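Asks: In order, the protein sequences belong to chains A and B.
To convert a position in the first sequence, counted from 1, into this note's numbering, add 19.
To convert a position in the second sequence, counted from 1, into this note's numbering, add 5.
There may be inaccurate statements among the hints.
Unchecked claim - Derived coverage of chain B by chain A (criterion: at least 3 residues anywhere in the stretch with Cβ under 8 Å from a Cβ of chain A; other residues may be distant):
no.: 1; stretch: 18-27
no.: 2; stretch: 44-58
no.: 3; stretch: 74-80
no.: 4; stretch: 138-146
no.: 5; stretch: 201-207
These aren't lab readings, by the way, just hints derived from the structure by calculation.
If you're wondering where the values come from, they're calculated on a predicted model, not measured in any experiment.
All C-beta atoms in this analysis are idealised placements derived from N, C-alpha and C, irrespective of residue type, glycine included.
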Amino acid sequence: MTHPFRRRRRTRAVDTDPQPTARERPGLSPVPAPVRSADELLVEIGRGNRQAFAAFYDLTAPRVYGVVRSVLRDPARSEEVTQEVMVELWRTAPRYDASMGSALTWATTIAHRRAVDRVRSEQSSREREARDQRERSATAPVPDVATVAERRLDIARVQAALEQLSPTQRESIELAFFGGHTHREVAALLDLPLGTVKTRIRDGLIRLRDHLEVAT
Amino acid sequence: VSDTPTPDPYDVASLSGLYALDALVDPEDLERFEEAMAASAELRREVAEFRETAARLGELSATDPPASLRDAVLEQVSRTRQDQPILTMVDRRGGRRVRSWWLAAAAAVVVLATALGMVIGRGTVSAPTSELAQVLSRSDARVVKLSGEVATGARLVWSPSAGRAVFVASGLEELPEDRVYELWRLAAGGAEPVGLFRPGADGRIEAAFDVDLRGADGLGVTVEPAGGSETPTLPIVLSGELR
């Protein structure tokens, strides 16, 4: 095994060559650090670069923790699952392939899956809770106020896209994604037939996809 | 690759949204949807786009985790080995069996698992994390149909970028205790063993193998003595063409 902090010869140029466009993160060192995207970092991580992983953690952990926490709600369990997810991302990075989506999508997909796996392995207590969860989980979380301008723009865009949906489309998607609920649970919570929920979720995702101009 | 159109009384493709949000848990629905996905590049693209869309929603819930978590994660990472990257098994300059030791080792694991009475294939794990789902999530996933008398709907779903293939079939004929099915990669240079499997209790099988099928012409399945063979014992009971 290579030393964790040894730099490989073929490290990307941006490593040593701070870019003029480098943005500073508020509250951090005033020295402009080279900004690398999660996708770029992932390539390095795939080659065993632990420093790149630390930077990747800083970029993606809020997203991973946020998704896990919106599904699990309990902070302690959310931390546990977030740690599992981050370590899984590190472990499987050498097998990551761009065809699996962008780095951020990949991280979010795994985070969501692990969170719902956890919830469903604790299914019985969950079922008891399910009925009274509607209030808490039917809406998208209100994001932290303390976000940088760039994130605010993203958030505004996603919120605008959500507003394009019909109320049922929106509620179904939010219950499934943020609440981690199954098809059957969503149908029960919204008192709708299974077929209706299925259609609303798909139609809603199509609308969101088109509005956010997602293309693969 | 042509696929038999599945009769679709209730439009399996419309489950894509539920699937992408991990909300599809009914085993029958999952199985039918993944089968449909295996047969349709369009459906795989739709799922990928929905996942990307859902990931954008994740921006709304982004929350900084406690600072202590960073140390814990980095500490665990410092002592966690990464998975091996996918290696190409076939030397393109014509040499073959570059990694046959490795294939043998993989076969040994399967044999051991069989000997220990472990069920190879479909477990009780929720299927979005199944091997089949993982291979299907690759945009370069492709499907090879295998035909023969010992099974119905036999397919091998594989992805060159993942270096992974999943063999699925139902109605797989039972075998005597001392026999196994062996999957072969057929190429100009001959037949190379891919792996061994036995039907599950209900004749179903979902078995995953590390394999690179680039450059191969076809696939074959034979019945071999427990432990498998180095060369196939005829007849070939299931076969499929790769190009």
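Asks: Using a Cβ cutoff of 8 Å, are there at least 3 residues of the stretch 44-58 of chain B near chain A, or does the coverage claim fail?
Replies: Contact hint for the stretch 44-58 of chain B vs chain A: holds, 7 residues under 8 Å.
Asks: How about the stretch 201-207 of chain B: do at least three of its residues have a C-beta closer than 8 Å to a C-beta of chain A?
Replies: Check failed, 0 qualifying residues.
Asks: Using C-beta distances, would you say chain A covers the stretch 18-27 of chain B, given that this needs three or more residues below 8 Å?
Replies: Held - the stretch 18-27 of chain B has 8 residues with a Cβ nearer than 8 Å to chain A, which meets the minimum of three.
Asks: According to a criterion of three or more residues whose C-beta lies within less than 8 Å of a C-beta of chain A, is the stretch 74-80 of chain B covered?
Replies: holds (count 5)
Asks: Are there at least three residues in the stretch 138-146 of chain B whose beta carbon sits under 8 Å from a beta carbon of chain A?
Replies: holds (count 4)
Of the numbered hints listed earlier, the single one contradicted by the structure is hint 5.
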